[in-house]
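Novice: Sequence:
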Amino acid sequence: METNAKWIDIETSDGTFGAYLSLPRGGKGPGIVLLQEIFGVNQHIRNVADQYAADGYVVLAPDLFWRQRARIELGYDGEEWKQAYALMQATDFAKAQQDVGATAKALRGLVGEARIASIGYCFGGRLSYHTAANGLVDAAIAYYGGGIQNALERAPEIKVPLLMHFGAADSHIPLAAVKSIAERFDSNEQVEIHVYDGAEHGFNCNHRGSYHQRAAAEAHGHSLIFLSENL
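Per the UniProt record's numbering, numbering through the sequence shown is continuous, rising by one, with the last residue being 231.
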């Protein structure tokens, strides 16, 4: 997979943080703000960024835990999972949204007149939902966004196309939560929801035991179609 990737700095009033930038071979295209899981901008998230760059997108993945520890990369089990969860719990979600806003602004500077979307996973999936509600992007995708069901009061604020992916066997997001989300957006034709049979939380991540190849492939296909229609 031939990509041109590097870390860049994004300046905010709170300080400067890093973001992983992956460019398509041609160097230009629509933009994607890629929002991490609780494990940092680790190898998997960088791989996802490179995959979307290979698909023709300019991808920027911000380090959302920089205030606690810059560029932390964690695994998915044992003590590292506990550390990742603690980092998420200690994160100021309002400040994380500000950081996504700064990232979106930087990305728009890179892509010019092209449109941009956000794509997030787990913690990043919830953030992608709020990014849509904040009007920062032209479209948004949320993979197993835990907590979206607790933020449905923001549903009227979402004016852009939104795609959500959930696993039917997700032990962190019960199907009742997915149903409540689906019911809330039932009258919004711009919102699309897919639920994948047999898929656990984190089904897109091939570094995790919960990886579900078929669900990941189908979700990526749905995401590419969604992006092509909306960017």
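It is possible that part of the hints are untrue.
Capping the alpha-carbon separation at 27 Å, the derived lysine-lysine pairs in DSSO-like fashion look like this [stated by the list, open to error]:
1. K179 to K105
2. K28 to K6
3. K159 to K95
4. K105 to K82
5. K105 to K6
6. K82 to K28
7. K159 to K82
8. K95 to K82
Distance windows between CB atoms, simulated [claimed, not checked]:
9. A90 to T16: 29 to 39 Å
10. Q190 to E153: 13 to 23 Å
11. A151 to G15: 35 to 45 Å
12. R214 to Q98: 19 to 29 Å
13. A90 to G209: 38 to 48 Å
14. E218 to S180: 17 to 27 Å
15. E79 to G109: 33 to 43 Å
16. R154 to P174: 16 to 26 Å
17. E113 to A86: 18 to 28 Å
Hints were generated in silico from the structure; no laboratory data involved. Please read these numbers as outputs of a predicted model, since none were measured by experiment. We put the beta carbon where it would ideally sit given N, CA and C, even for glycine.
Novice: So, for every hint listed, does it hold in this structure?
Specialist: Structure-based check of all given hints:
1. K179 to K105: Cα-Cα ~33 Å, so violated.
2. K28 to K6: Holds, at roughly 15 Å.
3. K159 to K95: holds (22 Å)
4. K105 to K82: Violated. K105 to K82 sits at ~32 Å, over the 27 Å cutoff.
5. K105 to K6: Holds, at roughly 18 Å.
6. K82 to K28: violated (39 Å)
7. K159 to K82: This hinted pair is violated, its Cα atoms lying about 36 Å apart.
8. K95 to K82: It holds: about 22 Å lies between the C-alpha atoms, which stays within 27 Å.
9. A90 to T16: 29 to 39 Å: violated (20 Å)
10. Q190 to E153: 13 to 23 Å: 18 Å Cβ-Cβ, so the 13 to 23 Å window holds.
11. A151 to G15: 35 to 45 Å: For G15 against A151, whose Cβ atoms are near 27 Å apart, the range 35 to 45 Å is violated.
12. R214 to Q98: 19 to 29 Å: violated (37 Å)
13. A90 to G209: 38 to 48 Å: Violated, at about 26 Å.
14. E218 to S180: 17 to 27 Å: holds (23 Å)
15. E79 to G109: 33 to 43 Å: For E79 and G109 the Cβ distance comes to about 39 Å; the hint holds.
16. R154 to P174: 16 to 26 Å: Hint holds: Cβ distance 20 Å, inside 16 to 26 Å.
17. E113 to A86: 18 to 28 Å: Violated: the Cβ-Cβ distance is about 41 Å, outside 18 to 28 Å.
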